[in-house]
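Modelling step: build the complete structure from the supplied sequences, incorporating the hints.
Protein chains: 2
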Amino acid sequence: MKTVLIGAGNVATHLGEALQKAGNEILQVWSRTRTSAETLADRLGCPWTTDIEQLTPEGEMYLFCVGDAVLESLAHQVYSVLEALGTEGGDGETGRLALFVHTAGSMSQDVLPAPRRGVMYPMQTFSRKRQVDFAEIPIFVESRTDEERLMMMAELISNRVWVLDEENRRYLHLAAVFACNFTNHMYDLSARLLAERGIPFSVLLPLIDETARKVHEMSPREAQTGPAVRHDMNVIGKHVDMLSDPMVKEIYTLMSDSIYDKLRPNED
Amino acid sequence: MKTVLIGAGNVATHLGEALQKAGNEILQVWSRTRTSAETLADRLGCPWTTDIEQLTPEGEMYLFCVGDAVLESLAHQVYSVLEALGTEGGDGETGRLALFVHTAGSMSQDVLPAPRRGVMYPMQTFSRKRQVDFAEIPIFVESRTDEERLMMMAELISNRVWVLDEENRRYLHLAAVFACNFTNHMYDLSARLLAERGIPFSVLLPLIDETARKVHEMSPREAQTGPAVRHDMNVIGKHVDMLSDPMVKEIYTLMSDSIYDKLRPNED
Numbered sequence: 008m009k010t011v012l013i014g015a016g017n018v019a020t021h022l023g024e025a026l027q028k029a030g031n032e033i034l035q036v037w038s039r040t041r042t043s044a045e046t047l048a049d050r051l052g053c054p055w056t057t058d059i060e061q062l063t064p065e066g067e068m069y070l071f072c073v074g075d076a077v078l079e080s081l082a083h084q085v086y087s088v089l090e091a092l093g094t095e096g097g098d099g100e101t102g103r104l105a106l107f108v109h110t111a112g113s114m115s116q117d118v119l120p121a122p123r124r125g126v127m128y129p130m131q132t133f134s135r136k137r138q139v140d141f142a143e144i145p146i147f148v149e150s151r152t153d154e155e156r157l158m159m160m161a162e163l164i165s166n167r168v169w170v171l172d173e174e175n176r177r178y179l180h181l182a183a184v185f186a187c188n189f190t191n192h193m194y195d196l197s198a199r200l201l202a203e204r205g206i207p208f209s210v211l212l213p214l215i216d217e218t219a220r221k222v223h224e225m226s227p228r229e230a231q232t233g234p235a236v237r238h239d240m241n242v243i244g245k246h247v248d249m250l251s252d253p254m255v256k257e258i259y260t261l262m263s264d265s266i267y268d269k270l271r272p273n274e275d
Numbered sequence: 008m009k010t011v012l013i014g015a016g017n018v019a020t021h022l023g024e025a026l027q028k029a030g031n032e033i034l035q036v037w038s039r040t041r042t043s044a045e046t047l048a049d050r051l052g053c054p055w056t057t058d059i060e061q062l063t064p065e066g067e068m069y070l071f072c073v074g075d076a077v078l079e080s081l082a083h084q085v086y087s088v089l090e091a092l093g094t095e096g097g098d099g100e101t102g103r104l105a106l107f108v109h110t111a112g113s114m115s116q117d118v119l120p121a122p123r124r125g126v127m128y129p130m131q132t133f134s135r136k137r138q139v140d141f142a143e144i145p146i147f148v149e150s151r152t153d154e155e156r157l158m159m160m161a162e163l164i165s166n167r168v169w170v171l172d173e174e175n176r177r178y179l180h181l182a183a184v185f186a187c188n189f190t191n192h193m194y195d196l197s198a199r200l201l202a203e204r205g206i207p208f209s210v211l212l213p214l215i216d217e218t219a220r221k222v223h224e225m226s227p228r229e230a231q232t233g234p235a236v237r238h239d240m241n242v243i244g245k246h247v248d249m250l251s252d253p254m255v256k257e258i259y260t261l262m263s264d265s266i267y268d269k270l271r272p273n274e275d
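Read top to bottom, the protein sequences are chains A and B. Position 118, counted from 1, in the first sequence is what this note's numbering calls 125; the numbers after and before it change by one each time, with no gaps. Position 98, counted from 1, in the second sequence is what this note's numbering calls 105; the numbers after and before it change by one each time, with no gaps.
A couple of the hints might just be wrong.
Stated by the list, open to error - Distance windows between CB atoms, simulated: (1) B:D172 to A:D268: 40 to 46 Å; (2) B:E65 to A:Q138: 52 to 58 Å; (3) B:D172 to A:E45: 47 to 53 Å; (4) B:N166 to A:D58: 54 to 60 Å; (5) B:H223 to A:G30: 19 to 25 Å; (6) A:S251 to B:G205: 42 to 48 Å.
What the hints assert, rightly or not - With a straight-line Cα cutoff of 30 Å, these simulated DSBU-like cross-link-like pairs (lysine-lysine) come out: (7) A:K269 to B:K28; (8) B:K9 to B:K28; (9) B:K269 to A:K256; (10) B:K245 to B:K256; (11) A:K136 to B:K269; (12) A:K256 to B:K28; (13) B:K136 to B:K9; (14) A:K136 to A:K28; (15) A:K269 to A:K256; (16) B:K269 to B:K245; (17) A:K269 to B:K245; (18) B:K256 to B:K269; (19) B:K269 to A:K245; (20) B:K256 to A:K256; (21) A:K136 to A:K9; (22) B:K136 to B:K269; (23) A:K245 to B:K256; (24) B:K256 to A:K269; (25) A:K28 to A:K9; (26) A:K269 to B:K9; (27) A:K269 to A:K245.
Because the hints were derived from the structure by calculation, they are not lab data. No residue lacks a Cβ here, since even glycine has one placed at the ideal position from N, Cα and C.
Given below as structure tokens:
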């Protein structure tokens with residue numbers, strides 16, 4: 008499908024590259040920021056613009072990879088521009104309708120104004136610096152009008168594609184915030200603690216890796232170890248005293264309470 | 008070294024097996040619980056007891072793998088028994104002193120009453136069901152009397168052995184609680200959210216793996232993604248509304264505040 012990328016951040020970069028590799032032509036990149044637009048367009052070897060009025064009406068798919076806060080208004084702007092060119096009404100010059108697709112976990116397909124619309128949510132943490140293997144990334148698809156077409160496209164880039172409705176997708180996104188964003192913040196807090204003592208963060212990597220590997224074989228509930236699940240108030244008290252940052256202290260206490268609240272103590 | 012294991016939990020099991028494999032003779036296992044003592048002794052092919060009075064005085068090392076709460080009193084009991092047998096005074100029948108070692112991250116070597124004492128802290132999350140490769144596990148050693156001996160022994164089972172003093176070890180343990188125990192709890196909370204919707208936890212594994220892999224290449228600070236670091240109050244508000252458990256709601260809010268507090272927003 009001839010694709011126009013709206014957005015040039017982490018998701019647009021990785022998804023754009025994967026789509027291109029799978030044979031989709033990327034016609035153009037739009038971003039509010041000139042540098043981002045230019046950088047991604049260079050990587051993809053396609054034109055770019057920061058001006059919505061300059062968007063090509065030739066796209067078969069307009070793929071929105073932008074923050075939730077701007078998605079709806081941006082999609083309306085893009086639709087108006089295409090409509091003015093007679094491309095979106097279905098009886099314009101080209102006689103066809105473009106498909107509008109967004110990639111957000113927590114947004115309805117109906118924030119998109121185009122009659123043909125859908126969602127393609129890749130559940131992964133993307134950073135521009137790091138290559139990802141899209142084949143392993145679960146993609147969740149929803150579309151009232153183009154489910155099959157989106158499924159086919161998603162299956163070109165990933166081996167793990169599911170149809171999932173909006174409500175379930177919202178819960179999946181919420182779960183992903185815990186499993187990824189909050190987990191990474193735990194890594195960050197531990198890195199800061201070690202940095203204060205001059206200990207390199209790399210000493211924690213075997214522990215971090217094993218913690219992730221364990222839940223491939225047992226449930227997180229079974230995998231839980233540490234002072235909180237043992238209700239070891241001696242260690243917990245000392246740890247709280249050692250933390251100087253009040254918010255981090257509060258996190259330690261709340262997490263320990265929650266672990267104890269959710270789990271029976273393990274024998275140790 | 009002829010070793011007596013005090014404790015038969017996860018740490019005792021994995022460390023006992025690694026020490027035996029490296030050529031140390033395990034003389035005996037003690038545990039308060041008969042089943043635990045018997046199970047581990049079976050795995051190691053050695054005698055067991057639940058009676059401190061029945062401990063063999065032949066150990067060159069008494070290795071305490073027990074909860075922090077009972078460590079000190081247990082070590083004193085063991086020492087009294089050996090002392091009564093004339094083994095610990097240094098001028099008893101055997102003329103030697105046994106080495107007392109514990110494996111706790113947050114306890115001083117001086118909770119051990121024996122004149123020869125030290126700490127060997129393996130920083131890993133152990134579950135009995137799961138094999139671990141001890142070679143990759145960082146071990147932190149401290150001993151006023153037997154540093155070299157403990158280093159040599161630790162190096163027989165791991166490629167990552169460091170000498171680390173008590174205060175730094177305490178911070179390391181604290182950091183490990185964030186990087187492992189709290190991280191695993193995040194996995195658990197996400198698993199519970201998905202279970203409520205009938206979605207299998209396994210869909211999150213590629214995300215969990217990538218989150219762990221990323222911090223091998225960049226700092227957790229650089230790796231942070233998600234609504235909190237973008238300060239996407241729209242998504243954050245919806246997520247908080249979706250959570251029914253008040254404690255989990257509080258965790259979501261506090262973690263999001265902390266991420267935003269610690270990091271400048273990334274462009275997306």
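Status of the hints after comparison with the structure:
A C-beta distance of roughly 35 Å is found between D172 of chain B and D268 of chain A, which places it outside the suggested range of 40 to 46 Å. A hinted range of 52 to 58 Å holds for the C-beta pair E65 of chain B and Q138 of chain A, which are about 57 Å apart. About 52 Å separates the C-beta atoms of D172 of chain B and E45 of chain A, a value consistent with the hinted range of 47 to 53 Å. The given range of 54 to 60 Å is respected by N166 of chain B and D58 of chain A, whose C-beta atoms sit roughly 57 Å from each other.
Between H223 of chain B and G30 of chain A the beta carbon distance is about 32 Å. The supplied range of 19 to 25 Å is therefore violated. For the pair S251 of chain A and G205 of chain B, the supplied restraint of 42 to 48 Å holds, since their beta-carbon distance comes to about 43 Å. Proposed proximity of K269 of chain A and K28 of chain B is contradicted: the alpha carbons are some 37 Å apart, above 30 Å. With a C-alpha separation of about 13 Å, the suggested pair K9 of chain B and K28 of chain B falls inside the 30 Å cut-off, and the hint holds.
For the hint linking K269 of chain B to K256 of chain A, the alpha-carbon distance of about 14 Å falls within 30 Å, and the restraint holds. This hinted pair checks out: K245 of chain B and K256 of chain B have alpha carbons roughly 11 Å apart, not beyond 30 Å. Distance hint between K136 of chain A and K269 of chain B is fulfilled; the C-alpha atoms sit about 21 Å from each other, no more than 30 Å. Pair hint K256 of chain A plus K28 of chain B does not hold up; C-alpha atoms about 41 Å apart against a cutoff of 30 Å.
For the proposed pair K136 of chain B and K9 of chain B, the alpha carbon gap of about 26 Å is at most 30 Å, so the pair holds. For the proposed pair K136 of chain A and K28 of chain A, the alpha carbon gap of about 18 Å is at most 30 Å, so the pair holds. Distance hint between K269 of chain A and K256 of chain A is fulfilled; the C-alpha atoms sit about 20 Å from each other, no more than 30 Å. Between K269 of chain B and K245 of chain B the alpha-carbon distance is near 22 Å, which keeps this suggested pair within the 30 Å criterion.
Distance restraint check for K269 of chain A and K245 of chain B: the Cα-Cα separation of roughly 24 Å lies within the 30 Å cut-off, and the hinted pair is therefore satisfied. Annotation: proposed proximity of K256 of chain B to K269 of chain B holds, straight-line Cα distance about 20 Å (limit 30 Å). Of the supplied pair hints, the one linking K269 of chain B and K245 of chain A holds, its CA atoms being roughly 24 Å apart against a limit of 30 Å. Restraint check for K256 of chain B and K256 of chain A: satisfied, since their Cα atoms lie roughly 18 Å apart, inside the 30 Å limit.
For the given pair, K136 of chain A sits about 26 Å from K9 of chain A by alpha-carbon distance, which is consistent with the 30 Å threshold. With a CA separation close to 37 Å, the supplied pair K136 of chain B and K269 of chain B exceeds the 30 Å bound. A threshold of 30 Å between alpha carbons decides the hint, and for K245 of chain A with K256 of chain B the separation of about 26 Å falls inside it, so the pair holds. With a C-alpha separation of about 14 Å, the suggested pairing of K256 of chain B with K269 of chain A holds against the 30 Å cut-off.
Using a Cα cut-off of 30 Å, the hinted pair K28 of chain A and K9 of chain A holds, with the two alpha carbons roughly 13 Å apart. For the proposed pair K269 of chain A and K9 of chain B, the alpha carbon gap of about 41 Å is over 30 Å, so the pair is violated. A hinted pair counts as satisfied when its Cα atoms are at most 30 Å apart, and K269 of chain A with K245 of chain A qualifies at roughly 22 Å.
Taken one by one, the earlier hints fail for this structure at numbers 1, 5, 7, 12, 22 and 26, listed in ascending order.
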